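There are 2 protein chains.
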Amino acid sequence: MMRKFVSDRAGRNIILVRSFHHLKQLLQRPLSATQSRFLSSTVLDSTSSMASSNSSAPPVNLDTINPKVLKCEYAVRGEIVTLAQTLQQELQSKPGSHPFDEILYCNIGNPQSLGQEPITFFREVLSLCDHPAILDRSETQGLFSADAVERAWQILDQIPGRATGAYSHSQGIKGLRDTIAAGIEARDGFPADPNDIFLTDGASPAVHAMMQLLIRSEKDGILCPIPQYPLYSASIALHGGTLVPYYLDEATGWGLEVSELEKQLDNAKSKGVIVRALVVINPGNPTGQVLAEENQRGIVEFCKKERLVLLADEVYQENVYVPEKTFHSFKKISRSLGYGEEDLSLVSFQSVSKGFYGECGKRGGYMEVTGFNADVREQIYKMASVNLCSNISGQILASLVMSPPKVGDESYESFSAEKEGILASLARRAKALEDAFNNLEGVSCNKAEGAMYLFPRIYLPQKAIKAAEAVDIAPDAFYCRRLLNATGIVVVPGSGFGQVPGTWHFRCTILPQEDKIPAIVSRLTDFHQGFMDEFRD
Amino acid sequence: MMRKFVSDRAGRNIILVRSFHHLKQLLQRPLSATQSRFLSSTVLDSTSSMASSNSSAPPVNLDTINPKVLKCEYAVRGEIVTLAQTLQQELQSKPGSHPFDEILYCNIGNPQSLGQEPITFFREVLSLCDHPAILDRSETQGLFSADAVERAWQILDQIPGRATGAYSHSQGIKGLRDTIAAGIEARDGFPADPNDIFLTDGASPAVHAMMQLLIRSEKDGILCPIPQYPLYSASIALHGGTLVPYYLDEATGWGLEVSELEKQLDNAKSKGVIVRALVVINPGNPTGQVLAEENQRGIVEFCKKERLVLLADEVYQENVYVPEKTFHSFKKISRSLGYGEEDLSLVSFQSVSKGFYGECGKRGGYMEVTGFNADVREQIYKMASVNLCSNISGQILASLVMSPPKVGDESYESFSAEKEGILASLARRAKALEDAFNNLEGVSCNKAEGAMYLFPRIYLPQKAIKAAEAVDIAPDAFYCRRLLNATGIVVVPGSGFGQVPGTWHFRCTILPQEDKIPAIVSRLTDFHQGFMDEFRD
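Residue numbers (our numbering), protein chains in the order written: chain A, 1 to 537; chain B, 1 to 537.
Calculated directly from the structure, the hints in this document are not laboratory data.
Some hints here could point you the wrong way.
Since copy identity is lost for identical chains, a pair holds within one copy or between any two.
The calculated lysine-lysine pairs, modelled on BS3-like cross-linking and capped at a C-alpha distance of 25 Å, are [unchecked claim]:
hint, residue 1, residue 2
1, 174, 94
2, 68, 382
3, 71, 382
4, 431, 447
5, 431, 419
6, 332, 174
7, 516, 431
Note that the structure is a prediction, hence the values are computed from the model and not measured.
Sequences and hints are given; from them, build the entire structure.
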């Protein structure tokens, strides 16, 4: 930008712009420090006519759509996945056309797509709530567990008119919010208020809502971890804000240092960015680390001191695989420090898509909103009301997730067996893949303490980097594409999540079923060895 | 704006701005024609430092949230509904505390909240898909109809891995889109492409997506009917665009005249607004009219000529109550005029919340996107992918709605009886309420040819208008509040939808169950008579 600047007779800097639209475009990009200084004493000279903006409507094309949409990127379902879908179609129409017979989607935390079975009790209750007419029938006793029938009745009684097909209160059905608040209290040991709960279609719409609330222009910044789950970068781009990166330290197991937060905050301020909020993903996505309690206390103190909204992505709260780490919600940490509503604006995101249940397709979730003024809360409610309500099955499931069967319930034993079976298997899969990555030449991989991902670093040979540059793609995307074409394994290049410049990674889920892990490890190892043989410097 | 303008020695106009932020604020407002002319040869002079925007983060309050959120309004769940909820709580805690014993929510098209039963076949299929484990069990044969079991199997076979708990393709499950496309073809007699279908959590997120795509700034306008369903005004406000109103003609049964569209388009252009799209709601909300085919042809020609995207809200396509009118989709009209992909950009919105099924809580729906460039389509897909997918139960229900039981299926007769029963009853209720409104002194009400609403006009006495002004609320809101307090009936003031200035209306759904209509009519009539006795000029 600013290629056309001149000085006028008074010695002022002048930027020549082609049009009003052009001027606005210039102003919509983030400014470098030099550009900011230049602008601080600048005159903008628009010499051309504005009349062009009054001309007849342009057709819809990439030049005329919202540039924020263009800017938005979401690697988890990006080009690599499109390529995978093409390969899958080719495998179907021409079996044997590739050196593998199935595509293994390790790009996304979507457990049931890879064969994970749903939790029986949850599905029983959903099924009964979808068709309450069968609740009284004798056949139902044979098909469903007694506590599922009882829970379905309880839930139906919480819904006005037992109408599971009606729009609910825009925050979600009050009785279900009571259940969720009770679940949060049981988890944290601190009170939770059902009026703080906003039920949402998964966590993503909740994140969008907070970005929409907080971001006024590209001068508003949101501190986000790098690497980050690209929903955050996408949502910030769509809402026209600025992502202020802070780097997780790979050398200390993706450590989150408060000193790094302070440094990046100061850096953003010096560029004129007003930082509104801090995003923390715990357990980490794509990085899999689980924060230590002391570390969380430091983060809370930092947000309090700097008056930042703490956006706590806690959707992997049930996914912790190492005995030395425990999940603590940021609300628990904040309350245990003695901080209340006035001290910290905190939003905690939870989802039915993750945990041991992995009910991605149900699109259920909630945010717990604490520490906001009543009038701001009213605005959040208004935004929710424009979309009427989240889907009722997702609402019901969110309540089940926060209040599963208890000791003594008919389903308790089978529920616990399903839950423990899935979590133990995930831990084994995480370890097997971590070991496999660490056995590869020029690859190092931190432990997945939690969440559903590994994020190995690949030390790519210069020759591979040059080969990638020659075809104009990022070196890690080059690696991932080659991996997919050779093995059918879909992973996401680190560049989609952000990484320290000059380092290369990819994200791989730990979700393929256990009996497939040996084959994956062997295909991956063979591919990697061949890749290194081809490109080793 | 532009209070500080001067001329420099070269004779150029200069606008003095306080800060970079100030300059951007100026540029974010719509410009008058004079201002546009002025700007066409303007120099913008920023003399103050940019440092002020570097100050520490402000707390979150109404001054620091996104002003677009503040600007957004959604009357359907606005103040009157909050008051109704308070009254309902008072009735529960203190029975007899009000002159009525229940709140009748006529504010929102939410049929099942008022006792409408769901369609059995739809719920059977949803229930089975939620818990496929019971499909093979013998008890299931006794509980579910055979064709529901068969349909559930069909649907499960369309889902990769039969995983109803997995994220689907971001446009929705391909097999379900095939079913929907076939349903559209059967409805219209013209081809439909499953790749044009984007399944969504109800129609609202689809409308938001199109607004997000099309609106770049407040210079972009969207032509909307007045009165309109306030999702449109809310979404345009949230995305920072300009609502360009066109008025429906109450005198001709809420007629939509192309001459009015032309007039308002020209008017908008003269103000420097670039009109991107035309919203048409057919059947109308809140107005209930069903467009004549010839009228629709004129609208298509207008959009084609003016290169406007036609956003066709067709969620009430099953809700037509008069024999002389038939629903025609805009896609059918466009194709029957011989227009194809290159001629018209058209988006049709459909929802499972309306029709005879009224499954609002399921949050299912789709948009059919035709006439967009491949690269723009890719951007729409990318936006969908950021949110992963819509909820699978809603997706399944959308496919059922577009492909209900057919002659010969076990459920066909009971399904048809349920469907016809609901639609015939809605027609009777619409007529009864219309007659009741027209019998009131100073009230006139057009026929509800379709949709779920009546929008009577009330000729309020001057004395009532003054009384409303004295308490600083709109006269129609004053009337609706008095009605609620006296009768428990919740309707939405016309000012929430827009109306010709100086006219007053309210929107009342036709959804209370039939046995309640006589009591409603009598309470309404008594209230109105008392109101007129109090305020008659």
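Checklist entry - Which numbered hints does this structure break? => result Those not satisfied: there are none.
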